[in-house]
Structures are given as C-alpha cells and as structure tokens.
Amino acid sequence: MRGSIIIFFFFITGVLTARMGWLPATLVENDFSIYVLYGLMFLVGMSIGSDTKVLRGMKRQKATVVLVPLATLLGTLAGCAAASFLLPGIRVWDSLAVGSGFAYYSLSSVFITELRGAELGTVALIANVTRELFTLMCAPLLVRWFGKLAPICSGGATTMDTTLPVIVRFSGKEFVVVSIFHGFVTDFSVPFLVTFFCRMAA
Amino acid sequence: MLIIAAIMLTGVLAGVLLRNRDLSAVPHMITIAIRLLLFLLGVAVGCRRDILDNLHTIGIQALVITAGGLAGTLVCARLVYRRFFTRKD
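Chains A and B supply the protein sequences, listed in that same order. Going by the working numbering, the first residue of the first sequence is number 723, and it counts up by one from there. Going by the working numbering, the first residue of the second sequence is number 1187, and it counts up by one from there.
In short, the hints are calculated from the structure, not lab data. Quick caveat, the model's predicted, so the values are computed rather than measured. No residue lacks a Cβ here, since even glycine has one placed at the ideal position from N, Cα and C. It is possible that part of the hints are untrue.
[To be verified] Restraint-style ranges between C-beta atoms, simulated for each label pair:
{"id": "1", "chain 1": "B", "residue 1": "Arg1234", "chain 2": "A", "residue 2": "Ala785", "range": "36 to 44 Å"}
{"id": "2", "chain 1": "A", "residue 1": "Arg866", "chain 2": "B", "residue 2": "Asn1206", "range": "28 to 36 Å"}
{"id": "3", "chain 1": "B", "residue 1": "Ala1191", "chain 2": "A", "residue 2": "Ser828", "range": "13 to 21 Å"}
{"id": "4", "chain 1": "B", "residue 1": "Asn1206", "chain 2": "A", "residue 2": "Phe807", "range": "52 to 60 Å"}
{"id": "5", "chain 1": "A", "residue 1": "Ile727", "chain 2": "B", "residue 2": "Arg1268", "range": "21 to 29 Å"}
{"id": "6", "chain 1": "A", "residue 1": "Thr917", "chain 2": "B", "residue 2": "Arg1207", "range": "46 to 54 Å"}
{"id": "7", "chain 1": "B", "residue 1": "Arg1235", "chain 2": "A", "residue 2": "Leu863", "range": "44 to 52 Å"}
{"id": "8", "chain 1": "A", "residue 1": "Met742", "chain 2": "B", "residue 2": "Leu1199", "range": "36 to 44 Å"}
{"id": "9", "chain 1": "A", "residue 1": "Met922", "chain 2": "B", "residue 2": "Asn1206", "range": "24 to 32 Å"}
{"id": "10", "chain 1": "A", "residue 1": "Ala924", "chain 2": "B", "residue 2": "Arg1207", "range": "53 to 61 Å"}
Given only the sequences and the hints, what does the whole structure look like? Please build it.
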C-alpha cells in the first residue's frame, strides 16, 4: 500500500510540475525516461545475475507458464466486451480493439487512430496508459489481493520492459522468466489483435 | 527492444561477475529508478494538453474499458496462480 502511494505521489508531482511550467525546458523537450528505463533494466539484470535462486527458477519453469499470457488475453477480452455494454458510445469490437493494446499505448493508439479515427485512438491512448500506470502503482496491492501473477497479467505487453522492475520488486525474482515470456507473447499479439478487432468494427 | 535486451544481459553479466560483492544497494537503486520513471511519465502526461483537456469526456470511456479488461485479467490471473503456481514441489 505504501509503495503504491509513494509511486502515485511521484507521478502526480510530475504532472503538476509539468503543468505549472516549473521544469527546465530540456527536461520537457527531451524524453529522458528511456535512459532511466535503460538504467533500470541494467539494475534489474544485475539483481538477476547476482542471485543464484533465479537460475534455479528458470530450470523449474513448467508448461503451465503458457497459461499466464492466456489468462491475460482471455480475461482482458472478456472484461472489455462486458465493459462495452456500459458505454452506449462504444461498440463491442471497438472496445476489444482498445483493450487488446494490453498497455502498449504507443502502438495500439497509432493503429486505432489509423483504422478507426482519432477519437477512438485517444481512448486507446488513455486506456492503455492507464493500464500501465495502474500496474506500476498498484503492483503491491495486486500481489496481495490477486496473487503474484496479478501484476504480470495486469502489465500486459509491458512486462518485459517498463513494468518488469515493479514485478521483480513485488512478485519476486523467481517471476522474472514468467514476466519476460508473458511480455513477449502479449507484445507479439498486440498488432495482430488490434488490427483484427478494428477490421471487425469497420 | 534489442537495446533493452542487450542492456539487461549486460546487467546480468555484471551481476554474475559481482556475485561475491555486497550488492545490497541494488534494490534501493531500483526503487529510486522506478520513482524517477513515474515522475517522468507524469511530466509526459502533464505536457500533453490534448490528454488533460479530454480527460473528462473521452477519459471516462477509456477508464471503463480499462477497468473491465483489468477485472477480467485479474480474475484469470488469480485463478491460474491459485491452481498452478502455489503448489510446492
């Protein structure tokens, strides 16, 4: 709980300082987050490499690992289909197209803007940014309430890069392999599923 | 994608080589980097007028879709975790 609140605080501080124009122009104009991400990946790699437990975990990986991306795909699509019934302005296929971005907001919003227009593209951007933020901020809570796979399934296509550090931190290093495998499969499915559902909606 | 994989593998190699050293600072550095990343993500959102201005209209649709997708995902994640990942061998 405390972890999520602190992370949320940092995000809100970022929004507010940017909005108030308190930040130096170089920070706003250049996207430094990619370099922080690189640093993170190096640190995560270091913590994996220095830990002998992770290697043992890799060897123990079973076929059940395929159930993790499957849970993400089926759960997300079922939930998005259900959500569309609450929204008069959104059709089922459109909702499925937005949901199958799996937090991969850059790619999914570009695809959807191209195939279904800028409005749904913006919905996709916000929806998928929110999914990534939710995973980053709520990872400790998700582990407590839904088990150690929850931040992985919640993170969708981002679990091999942006959300991997929080997954390692809160689910444990033994889930690194599951997380990377899950991210790979989900990542790969995004362009395929998004375009498929956009075509069905058209 | 390749760059990230390469950086991570370099980190793994560094971790293997430094296995006998005291690396207790690494988890703390990870925490700091996560917080910095979230701050920068906030900056990116704060700079986008279009995201902030439309948040109340388009945002509601986006949040409902995300909430639905996440609810379905978390239920499935819990099911798979309970059934297949909690047995000790």
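Hints versus structure:
Between Arg1234(B) and Ala785(A) the CB atoms are about 43 Å apart, so this pair conforms to the stated range of 36 to 44 Å. Take Arg866(A) and Asn1206(B): their Cβ atoms lie about 34 Å apart, and the range 28 to 36 Å holds. With their beta carbons about 18 Å apart, Ala1191(B) and Ser828(A) fall inside the hinted range of 13 to 21 Å. Roughly 58 Å separates the CB atoms of Asn1206(B) and Phe807(A), a value that falls within the hinted 52 to 60 Å.
Distance hint for Ile727(A) and Arg1268(B): a CB-CB separation of about 27 Å, consistent with the stated range 21 to 29 Å. As the Cβ distance of Thr917(A) to Arg1207(B) is approximately 48 Å, the hint placing it in 46 to 54 Å holds. Between Arg1235(B) and Leu863(A) the beta carbons are some 31 Å apart, a value that contradicts the proposed interval 44 to 52 Å. About 43 Å separates the C-beta atoms of Met742(A) and Leu1199(B), a value consistent with the hinted range of 36 to 44 Å.
Checked against the hint of 24 to 32 Å, the C-beta distance between Met922(A) and Asn1206(B) comes to roughly 57 Å, which is inconsistent with it. Evaluation of the 53 to 61 Å hint for Ala924(A) and Arg1207(B) yields a pass: the beta carbon distance comes to about 58 Å.
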